[in-house]
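We have chain A; now place chain B onto it with these hints.
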Amino acid sequence: MLTEPVTYQDPCNISRNGGLAKQGRELVKALCTDFRDMRDNGDYNHCCGGGGGYIPMGPPFKRRRMESGRVKAEQIRETGAKTVIVPCHNCIDQIRDLNKEYDLGIKAVHFKTIIPHMMIIPDDMKHEEESE
Amino acid sequence: MAEAAVDTTEDQTVDTKVIKERLDLLKGGRFKMWLEICAHCGLCADSCFFYLAHDKDPKYMPSHKVMKTLGELYDKKGEVDRATLKEMAEVVYGDCTACRRCSMFCPFGIDIATMIAAGRGICCSQDLHPDGLKAAIQNYKDTGNQMAMSSEDFVETCEWMAEETEEELKGLEIPIDKQGARIMYTVNAREPKFYPQDIAEAAMIFHAARENWTMPSNGWDDTNLAMFAGDGKTMTAQVKLVYDAAERLGAENIGITE
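Protein chains in written order, with my numbering: chain A, 1 to 132; chain B, 1 to 258.
Source of the hints: derived by calculation from the structure; they are not laboratory data. We put the beta carbon where it would ideally sit given N, CA and C, even for glycine. A hint or two may mislead.
[Unchecked claim] Coverage of chain A stretches by chain B, computed from C-beta distances (three or more under 8 Å per stretch; other residues unrestricted): (1) 27-37; (2) 47-58; (3) 78-89; (4) 98-107; (5) 122-128.
Next up, chain A with everything else stripped away, as it sits in the complex (with noise of 0.2 Å):
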């Protein structure tokens, strides 16, 4: 389990636009101790300022992609959460480049890499220890 504070972003294509927020929610909770979401958030939350193809852009609008990032950079910094869980590849680069720009003291992870940390496995699965 993750212990310190965690916060959790809703990319648009999975909360607004795919009404998932609820699950995505529940996961996050199976993973953490100290759950912190972010003001307005869900269906409302705040698109990472990042989508809509706009990190592909490219540099000739990186300037005005982190300038409009402030609000998200914002919501993340007023939940003193240390890790964001990011289930979009999408959003996480942004969220990477807002960390930098904002100087936001977080890592952004997505799902994929912290389960298989902390998931259960079969024992099956599990490799005999060599003796040597």
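Frame of chain A; chain B shown alone:
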């Protein structure tokens, strides 16, 4: 004023016939109603992070962004010059991510992002979409994924990840083109290209859960930057590629990466 980010070429031509055709095609019941019923109440303004991040500058109000682009195109019946269309491109690509949050606050339920997307379609028809998206579109057309990765390289990456990860989980495989799987898993092309560990992590979860899964050797990129650019043709081809793979493999579901 932000620096212009789209279309740095000297081309000054606009095919207004194509723009008019698109406007006519789009002007079904929904668009006509949306453009007419917006009461300019301003409730969408505070919902928009562009507006909030720019200290409530009215030029970032969602309603304004639509009126300045699609609205103006209809007002002028598509008769715009390239300089005007370029200004519109800066708005539809650079001042909105089509997140659809504003629609949650519009008392009329106007789908503002869909109209921004329509504006992108018109800009794209005149080759005014950003260079980064143009490059990705070319890659989709050539290879079926935005990173221009060959099918061989993709399969090799998966095999390499499976080999490494089996050391942690006995019996782990990344099944390629397996018939009749419950989940056909697809990824963002950045994963095999730059973050192959992402595929390994997903494989660990599928394996531990004893999931019946597979990945297709072709049709594995679930991103669609052509959609964001407004290139409907390439967008459709890319979606079809993934669905065709699922049909070919008789998969029950298409799984999409985080």
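Checked hints:
Judged by the Cβ-Cβ criterion of 8 Å, the region 27-37 of chain A is not covered by chain B as claimed, because only 0 of its residues qualify and three are needed. Remark: the region 47-58 of chain A is confirmed as covered by chain B, as 10 of its residues place a Cβ nearer than 8 Å to a Cβ of that chain, reaching the required three. With 4 residues carrying a beta carbon less than 8 Å from a beta carbon of chain B, the region 78-89 of chain A meets the three-residue requirement, and the given coverage holds. For the region 98-107 of chain A, the stated coverage by chain B is not satisfied: 0 residues place a CB nearer than 8 Å to a CB of that chain, which falls below the threshold of 3.
Note: the region 122-128 of chain A has 5 residues with beta-carbon separation from chain B under 8 Å; the three-residue rule is met and the coverage holds.
In this structure, the hints that do not hold are numbers 1 and 4, in rising order.
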